[in-house]
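Asks: The lines below spell out each chain.
2 protein chains.
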Amino acid sequence: MTITLPAPLLTDYLVRVYRAAGCPEDEARIVAEHLVEANLKGHDSHGVIRTTGYLTQIRNGVTKPGAPTRVVEAAPSMAVVEGGWNLGPVVATRATEIAIEKARATGMALVVCHNTMHAGRVGAYGEQIVRAGMAAIGGVNTPGARLVAAFGGGHRRTGTNPLMFAFPGDTPETPFVLDMATSVVAEGKLKVAVNKGASVPEAWILDGDGKPSTDPRDFYGSGSNAQPGTLLPVGGPYSGYKGFGLNLAVEALGGMLSGAGTAVEGPRGTNGVFIMAIDVARFTPLAAFTGLMAGLGAHVKEPPYQPGVTEVLLPGEPERRTMVQRLREGLPLDDETWKQTVEAGAALGVAAPELPAS
Amino acid sequence: MTITLPAPLLTDYLVRVYRAAGCPEDEARIVAEHLVEANLKGHDSHGVIRTTGYLTQIRNGVTKPGAPTRVVEAAPSMAVVEGGWNLGPVVATRATEIAIEKARATGMALVVCHNTMHAGRVGAYGEQIVRAGMAAIGGVNTPGARLVAAFGGGHRRTGTNPLMFAFPGDTPETPFVLDMATSVVAEGKLKVAVNKGASVPEAWILDGDGKPSTDPRDFYGSGSNAQPGTLLPVGGPYSGYKGFGLNLAVEALGGMLSGAGTAVEGPRGTNGVFIMAIDVARFTPLAAFTGLMAGLGAHVKEPPYQPGVTEVLLPGEPERRTMVQRLREGLPLDDETWKQTVEAGAALGVAAPELPAS
Numbered sequence: 050m051t052i053t054l055p056a057p058l059l060t061d062y063l064v065r066v067y068r069a070a071g072c073p074e075d076e077a078r079i080v081a082e083h084l085v086e087a088n089l090k091g092h093d094s095h096g097v098i099r100t101t102g103y104l105t106q107i108r109n110g111v112t113k114p115g116a117p118t119r120v121v122e123a124a125p126s127m128a129v130v131e132g133g134w135n136l137g138p139v140v141a142t143r144a145t146e147i148a149i150e151k152a153r154a155t156g157m158a159l160v161v162c163h164n165t166m167h168a169g170r171v172g173a174y175g176e177q178i179v180r181a182g183m184a185a186i187g188g189v190n191t192p193g194a195r196l197v198a199a200f201g202g203g204h205r206r207t208g209t210n211p212l213m214f215a216f217p218g219d220t221p222e223t224p225f226v227l228d229m230a231t232s233v234v235a236e237g238k239l240k241v242a243v244n245k246g247a248s249v250p251e252a253w254i255l256d257g258d259g260k261p262s263t264d265p266r267d268f269y270g271s272g273s274n275a276q277p278g279t280l281l282p283v284g285g286p287y288s289g290y291k292g293f294g295l296n297l298a299v300e301a302l303g304g305m306l307s308g309a310g311t312a313v314e315g316p317r318g319t320n321g322v323f324i325m326a327i328d329v330a331r332f333t334p335l336a337a338f339t340g341l342m343a344g345l346g347a348h349v350k351e352p353p354y355q356p357g358v359t360e361v362l363l364p365g366e367p368e369r370r371t372m373v374q375r376l377r378e379g380l381p382l383d384d385e386t387w388k389q390t391v392e393a394g395a396a397l398g399v400a401a402p403e404l405p406a407s
Numbered sequence: 050m051t052i053t054l055p056a057p058l059l060t061d062y063l064v065r066v067y068r069a070a071g072c073p074e075d076e077a078r079i080v081a082e083h084l085v086e087a088n089l090k091g092h093d094s095h096g097v098i099r100t101t102g103y104l105t106q107i108r109n110g111v112t113k114p115g116a117p118t119r120v121v122e123a124a125p126s127m128a129v130v131e132g133g134w135n136l137g138p139v140v141a142t143r144a145t146e147i148a149i150e151k152a153r154a155t156g157m158a159l160v161v162c163h164n165t166m167h168a169g170r171v172g173a174y175g176e177q178i179v180r181a182g183m184a185a186i187g188g189v190n191t192p193g194a195r196l197v198a199a200f201g202g203g204h205r206r207t208g209t210n211p212l213m214f215a216f217p218g219d220t221p222e223t224p225f226v227l228d229m230a231t232s233v234v235a236e237g238k239l240k241v242a243v244n245k246g247a248s249v250p251e252a253w254i255l256d257g258d259g260k261p262s263t264d265p266r267d268f269y270g271s272g273s274n275a276q277p278g279t280l281l282p283v284g285g286p287y288s289g290y291k292g293f294g295l296n297l298a299v300e301a302l303g304g305m306l307s308g309a310g311t312a313v314e315g316p317r318g319t320n321g322v323f324i325m326a327i328d329v330a331r332f333t334p335l336a337a338f339t340g341l342m343a344g345l346g347a348h349v350k351e352p353p354y355q356p357g358v359t360e361v362l363l364p365g366e367p368e369r370r371t372m373v374q375r376l377r378e379g380l381p382l383d384d385e386t387w388k389q390t391v392e393a394g395a396a397l398g399v400a401a402p403e404l405p406a407s
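Protein sequence lines correspond, in order, to chains P and A.
Start counting the first sequence at 50; every next residue gets the next number (the numbering used here).
Start counting the second sequence at 50; every next residue gets the next number (the numbering used here).
Treat the hints with caution; some may be incorrect.
Put simply, identical chains are the same to the list, so a pair is met inside one copy or across any two.
Stated by the list, open to error - Think about it this way: if two alpha-carbon atoms lie no more than 30 Å apart in a straight line, the pair counts; the simulated BS3-like pairs of lysine-lysine are:
1) K350 with K260
2) K350 with K113
3) K388 with K350
4) K245 with K350
5) K238 with K350
6) K245 with K113
Just so you know, these hints were derived from the structure itself, not from any lab.
Bear in mind the structure is a predicted one, so any value in this text is a computation, not a measurement.
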């Protein structure tokens with residue numbers, strides 16, 4: 050069962066919940082807007098569903114709302130940010146501001162973060178940079194995470210390590226945003242397949258013996274093999290070394306430069322974050338750049354298409370379509386997620402919003 | 050038939066050939082070493098075989114040896130380089146030097162190039178940056194190129210747009226170098242399959258009607274379908290949007306920021322080049338970084354492996370193994386490539402080297 054909520058109602062409610070949990074007003078707003086936007090864009094796994102976990106970590110003292118974001122290493126085009134174990138969207142949003150400011154001064158900049166909690170949807174920081182008229186490269190690793198095999202390997206070694214590229218598009222409302230797990234898919238797609246009782250395509254997972262499987266339960270050790278299996282890097286049996294290489298590059302940029310740690314051991318943060326801003330206008334007039342983006346977009350969208358395909362979508366387009374629909378029709382949440390969120394809010398003395406009649 | 054040449058003999062010979070073609074001594078050496086190193090690393094398609102084409106372009110006045118590399122836009126962490134239509138390895142090597150110098154001053158830098166000829170093996174510039182103790186991101190697009198389909202598209206739209214990440218490894222001799230076409234494979238693998246009469250795996254190419262094919266001749270229009278087909282982006286039928294997105298990101302960084310042009314039209318260069326240098330030591334001590342690289346490498350190499358796999362290789366390792374072997378045993382060149390190279394050299398008055406007795 051699903052309920053439907055207007056996004057502004059949900060944002061206002063979450064701001065009050067995070068305020069009650071001890072977040073300053075500006076931080077509560079950053080987190081609430083980050084989560085609701087993830088839902089609006091269809092990335093429900095990075096949306097409101099995270100709230101109960103975030104609140105538990107605040108209650109346990111693991112997450113420290115209000116902690117300042119400190120720059121511990123700096124040069125004109127780089128900074129290492131120590132997040133004080135604040136909520137990830139707060140730290141990463143501030144780190145992104147620093148990257149933009151430095152890029153404005155020198156042409157480009159790279160900012161990395163440690164001591165930060167779950168950073169959320171990486172594409173959000175790309176969009177923040179694009180709003181400043183800049184291009185972005187970024188990603189996060191998850192220190193200590195084990196979900197994805199090496200190319201040729203038979204067991205879990207690293208996280209799904211998303212990599213992000215974002216560019217100003219032909220209009221301010223249509224940025225190019227590629228936000229991709231370097232595994233063949235994010236883990237969420239396996240959960241969905243398990244819940245549907247569906248199989249998954251070949252070359253997505255191995256079972257607990259390192260053998261190919263199309264039963265998504267084999268990833269969790271709940272299929273015919275009781276040992277948990279592993280996700281594979283993007284690229285398949287021939288080109289999976291590419292996804293594997295990109296996955297390791299995110300370890301190096303997100304985990305090593307930041308000081309957050311790698312898949313081997315992760316002492317300093319839930320995510321190691323890297324965010325790069327490139328000031329397009331230093332290279333070429335922004336209008337010339339966006340004109341070229343429009344031209345390239347039209348070029349790649351030209352038919353013919355593959356059998357069964359009716360159009361080519363650019364990175365960011367599927368999310369925008371979902372957002373337009375959800376802004377109009379409301380944001381769907383499953384009953385269980387909403388119930389848990391409301392309970393967590395009530396425990397902080399925040400009453401649930403009145404749902405509009407459906 | 051194949052001949053075998055010691056690498057130093059071949060390098061010396063090529064230096065004399067490029068000198069005779071009008072290149073200053075330092076430029077001749079850059080190009081000769083770039084090409085021989087590509088052969089040593091097993092990337093024969095980017096090696097000595099390019100010489101006859103490069104010489105033809107010099108003779109026709111398209112390529113201008115000795116042309117200065119001019120910085121036409123600059124800020125502390127960026128530069129736009131105008132290559133004067135010099136040989137690509139010359140322009141890109143100089144652009145890489147600029148990126149390193151700027152990164153040393155500010156923490157990181159991005160340099161892009163237009164008016165440059167074929168840039169060669171992108172990994173070479175990553176290795177140049179790694180030798181300076183830095184990390185690298187780079188790539189090249191090919192303005193006007195049409196080889197790869199959009200995700201879901203049925204015809205050729207963009208080049209194979211290689212993307213490169215390089216990091217200092219656990220020793221100076223073992224850098225991490227990922228140098229990957231954003232298509233499922235580079236075009237050269239299709240040529241090899243055609244020459245062998247072999248089929249290619251599913252999801253590599255489409256035929257001229259945009260339908261899946263496993264006959265590599267269909268890419269060239271020499272199979273059952275006379276229309277040329279297309280390469281697919283890396284990622285396969287489910288995740289090909291990732292390869293497509295990376296391919297477009299290389300268009301934006303390599304073609305648009307540089308001013309070289311995109312796949313739509315390419316007025317200013319054979320390749321649009323982007324090269325980023327990141328001064329690791331500004332973020333964390335270099336020895337700490339390389340220690341983490343060693344730890345991560347050991348971690349991902351741990352067994353078990355997939356059925357039929359005996360080890361996990363890191364990006365750059367296959368190339369190093371080939372290089373060790375070819376430095377020891379000599380560099381294999383097919384008769385035809387060698388014959389054409391020698392003829393082109395003789396036309397410039399440069400005698401072929403005496404081959405060692407085999």
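Asks: All hints are to be evaluated individually against the structure, with a verdict given for each.
Replies: Taking the hints in turn, this is what the structure says about them:
When the C-alpha separation of K350 and K260 is checked against a cutoff of 30 Å, the pair qualifies only between copies, where the shortest distance is 17 Å, while the shortest distance within a copy is 38 Å. When the C-alpha separation of K350 and K113 is checked against a cutoff of 30 Å, the pair qualifies neither within a copy, at 46 Å, nor between copies, at 37 Å. In this homomeric assembly, K388 and K350 never come within 30 Å of each other (Cα to Cα): the closest approach is 42 Å inside a single copy and 44 Å across copies. For a Cα distance limit of 30 Å, the shortest separation of K245 from K350 qualifies neither inside one copy, at 33 Å, nor across copies, at 35 Å.
When the C-alpha separation of K238 and K350 is checked against a cutoff of 30 Å, the pair qualifies both within a copy, at 27 Å, and between copies, at 27 Å. Taking the shortest alpha-carbon separations for K245 and K113, neither the intra-copy value of 38 Å nor the inter-copy value of 62 Å comes in at or below 30 Å.
Checked against the numbered hints given earlier, the structure breaks hints 2, 3, 4 and 6 and satisfies all the rest.
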